[in-house]
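**Student:** Sequence:
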Amino acid sequence: MIPGYALEDTATGRISAVETTTFDNDQVAAAAALAASARLLARLAEPAPAALERAIGIARIVAHFDPDPAAIEGSVLASLIAAGGLELEAAKAHTSPAALAFARSLGRIGRLDPGFTAGDGAALAPAQAETLRKMLLAVIADPRLVLARVAEQLWLLRAARTAQEPERRRLAAQTRDIYAPLANRLGLAVLKWELEDFAFRYLEPEPYRRIAGSLNERRSDRERYIAEFSATLRAELLAAGIDAEIEGRPKHIYSIWRKMQRKSLAFEQVFDVRAVRVLTGSIADCYAALGVVHGGFDYLPGEFDDYVATPKPNGYRSIHTAVHGPGGKVVEVQIRTREMHERAELGVAAHWRYKEGGRRDAGFEKKVEQLRQLLAPGALTDDDPLGEVGATLFAEHVYVFSPDGDVVELPAGSTPLDFAYHVHTSLGHRCRGARIDGRMVPLDMKLEHGVTVEIITAKDPNPSRDWLLESRGFLASRSARGKVRAWFRKVDEDEHARAGRAILERELGRRTGSLPPPLGDLAAELGFASTELLSIALGAGDVSAAQLAAALQRRERASAPASLTVAQAPSTAPVAAQGIRVMGVGDLLSHFARCCRPVPPEPIEGYVTLGRGVTIHRAACGNLARMRAQAPERLLPVDWGTDRDQAYPVEFSVLAFDRRGLVRDVSGVLADAKLSIERMTTVTHARDKTADMTLGVRIHDLTELEAVLGRIAGLKDVIRVERR
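Everything in the sequence shown is counted per numbering that gives the first Met the number 0, starting at 0 for the first residue and increasing by one.
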């Protein structure tokens with residue numbers, strides 16, 4: 000016995016801390032809680048009786064599920080510290096490091112109940128409640144802390160019987176929206192039932208009293224009836240050679256009310272108010288027991304479900320039936336193996352998604368399943384890296400608070416800037432600084448679970464281009480980076496519009512022999528609603544100068560007089576070699592070879608073809624060398640003549656890293672050199688993010704060609720420029 004506080008009732012020998020039927024019979028858990036308290040108080044100052052009663056009550060619940068001394072002693076220590084009966088520093092020298100770490104962590108998560116105020120019984124929004132549940136799991140390194148926090152909530156609910164109504168409703172709202180679903184997800188069915196009943200009692204007192212009254216009027220009769228029914232069924236099972244355990248299963252009040260609401264039933268129509276459970280050793284015995292039940296009692300055909308042959312989606316397995324017992328009273332009978340019962344009660348296959356509904360999150364369900372298994376007795380050993388459990392199970396997201404208490408879910412590694420852009424795009428654009436838990440921090444600081452983030456803003460938006468650099472670490476979320484890029488695209492539109500108007504004016508100025516087309520019609524032909532949008536696209540490189548020139552050329556042909564219009568298809572005919580002298584004579588039929596396309600002053604030679612005149616090759620052309628070897632008599636001397644204003648066709652290729660504005664930049668070099676683009680093709684390669692361009696232009700001489708290719712080679716992101 001602990002000095003100064005009577006923990007035993009001498010008349011009954013039972014512990015006088017807070018009692019409920021749920022845990023009264025677990026004397027092992029009670030003894031573990033008393034032992035942990037005694038170890039602490041033998042070395043520390045004695046706390047007030049109320050604080051000790053609370054600490055032992057919570058520790059008894061924890062010990063019922065987890066006999067680990069560190070968890071039990073840690074929960075006692077955390078309760079005493081929370082009640083003001085003990086200082087953490089004073090406990091350091093008198094308790095184990097594991098219990099001390101448990102108590103410290105449990106104290107940290109005690110504040111994670113935002114969104115509730117005294118007297119507020121309204122439900123949280125479903126998304127908010129779900130995020131809070133996830134956060135409660137995510138912020139802890141030891142999954143047993145969830146159990147301890149839920150146990151603390153249950154004790155607070157029990158103690159609130161004598162509290163003021165606003166406080167009761169506040170606790171009940173927390174329990175209904177956070178802790179009862181959390182216990183359900185972890186498979187802590189016994190805790191879940193009591194949490195739900197207390198929340199229902201405090202939030203809906205009238206329905207609770209009606210159902211409780213109906214049960215109380217029949218309680219003694221119902222208990223006696225279930226005992227007699229169980230004895231009769233046990234005798235019949237033994238006579239059939241079936242080894243089975245039979246136990247009564249009370250249906251808790253909130254569950255009865257939910258069933259009445261869901262199926263629009265009166266209390267008398269809820270058949271499982273009287274219920275028994277039959278536990279057997281094998282599946283074969285389950286069906287044999289079902290035969291005994293249906294053979295000895297009249298069953299209700301519409302109340303039979305075989306979840307053994309066809310388990311529920313959550314893995315729950317049992318046979319459910321309802322029969323008329325003695326006196327015609329309906330009794331629900333559940334039949335399952337002991338293994339099925341253990342899985343259903345301890346939570347390895349607990350049916351939280353079935354009960355709660357909602358959208359499935361397979362990844363989160365898997366992590367909760369791992370937590371359930373870690374909570375199982377004996378699952379945690381001294382070698383378990385408890386400090387890494389939370390990091391390995393919940394590594395994808397971080398959960399933080401806004402100054403108003405709202406919970407925000409962000410990708411792991413997020414910064415205050417990510418938070419700002421998640422809340423609102425304008426808040427991100429105007430962000431100039433941030434506070435975390437009231438302390439100024441840099442904008443690239445990584446957020447941790449459970450912190451409160453406050454954004455400091457300027458009056459006008461002014462993002463930085465540095466925010467887009469991944470190496471700087473300002474933004475972890477793709478959506479936030481997309482919002483910053485969109486801002487700068489909008490800011491750059493004026494610059495793009497100016498550059499685009501210059502390109503448009505230049506292309507229109509080249510066509511001095513014809514009237515310019517209506518600019519609105521030209522924009523529409525290229526797919527834009529206005530000339531301004533066309534100018535922006537030209538400046539950004541979304542539309543190339545070659546595309547614009549082609550559109551102008553099409554409009555010129557379409558507006559020419561019908562008698563002068565000649566339909567022209569793309570020609571593959573050789574280009575006439577104007578200005579070339581063959582054997583000193585000009586104006587002979589000749590054309591440039593497509594394989595080498597010579598330009599002055601490169602050495603050239605002529606080759607006599609059959610029916611197509613003389614083909615002009617570069618003297619170093621590989622094809623010409625082959626033909627020289629086959630028919631040297633066909634070679635003729637040729638020269639460039641004296642016409643220096645003549646332009647000659649040439650092709651070259653550009654390989655570059657693909658980017659916005661690449662085509663615009665290449666076209667701009669050619670336009671500055673006053674060269675006409677005869678054709679342009681671009682092929683992009685998504686795998687290596689490159690663009691392969693082929694261009695055909697007319698050049699006056701080799702010097703001009705080399706200058707143009709040199710300028711293009713100097714453009715940003717250009718890898719290689721080659722003449723073809």
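Do not rely on the hints blindly, as some may be mistaken.
Listed below are the simulated SDA-like cross-link pairs for lysine to any residue, each with C-alpha atoms no more than 25 Å apart in a straight line [what the hints assert, rightly or not]:
#, residue 1, residue 2
1, K328, E227
2, K311, Q260
3, K673, V440
4, K673, G695
5, K673, L701
6, K258, P206
7, K489, R431
8, K258, A162
9, K482, R431
10, K673, E504
11, K482, P462
12, K258, E222
13, K258, T231
14, K445, R429
15, K328, P462
16, K482, A501
17, K482, P410
18, K258, P300
19, K688, R431
20, K445, E469
21, K328, R429
22, K673, R722
23, K91, R107
24, K258, G247
25, K328, S281
26, K328, Q260
27, K262, E227
The calculated label-pair distances, taken between Cβ atoms and stated as ranges, are [unchecked claim]:
#, residue 1, residue 2, range
28, A49, E447, 33 to 39 Å
29, L588, R553, 28 to 34 Å
30, R678, R497, 40 to 46 Å
31, S529, E705, 38 to 44 Å
It should be emphasised that the hints constitute simulated quantities derived from the structure, not laboratory data.
In this text, a Cβ means the ideal position worked out from N, Cα and C, and glycines have one as well.
**Student:** Next, verify each hint and record whether it holds.
**Tutor:** We went through each hint and held it up to the structure:
no.	hint	in the structure
1	K328 / E227	holds, 13 Å
2	K311 / Q260	holds, 22 Å
3	K673 / V440	violated, 55 Å
4	K673 / G695	holds, 14 Å
5	K673 / L701	holds, 15 Å
6	K258 / P206	holds, 13 Å
7	K489 / R431	holds, 20 Å
8	K258 / A162	violated, 29 Å
9	K482 / R431	holds, 16 Å
10	K673 / E504	holds, 14 Å
11	K482 / P462	holds, 10 Å
12	K258 / E222	holds, 21 Å
13	K258 / T231	violated, 29 Å
14	K445 / R429	holds, 20 Å
15	K328 / P462	violated, 73 Å
16	K482 / A501	violated, 29 Å
17	K482 / P410	holds, 16 Å
18	K258 / P300	holds, 19 Å
19	K688 / R431	violated, 35 Å
20	K445 / E469	holds, 14 Å
21	K328 / R429	violated, 70 Å
22	K673 / R722	holds, 19 Å
23	K91 / R107	holds, 17 Å
24	K258 / G247	holds, 19 Å
25	K328 / S281	violated, 29 Å
26	K328 / Q260	holds, 22 Å
27	K262 / E227	violated, 30 Å
28	A49 / E447: 33 to 39 Å	holds, 34 Å
29	L588 / R553: 28 to 34 Å	holds, 32 Å
30	R678 / R497: 40 to 46 Å	violated, 28 Å
31	S529 / E705: 38 to 44 Å	holds, 41 Å
Figure legend: structure checked against the earlier numbered hints; hints not met, in rising order: 3, 8, 13, 15, 16, 19, 21, 25, 27 and 30.
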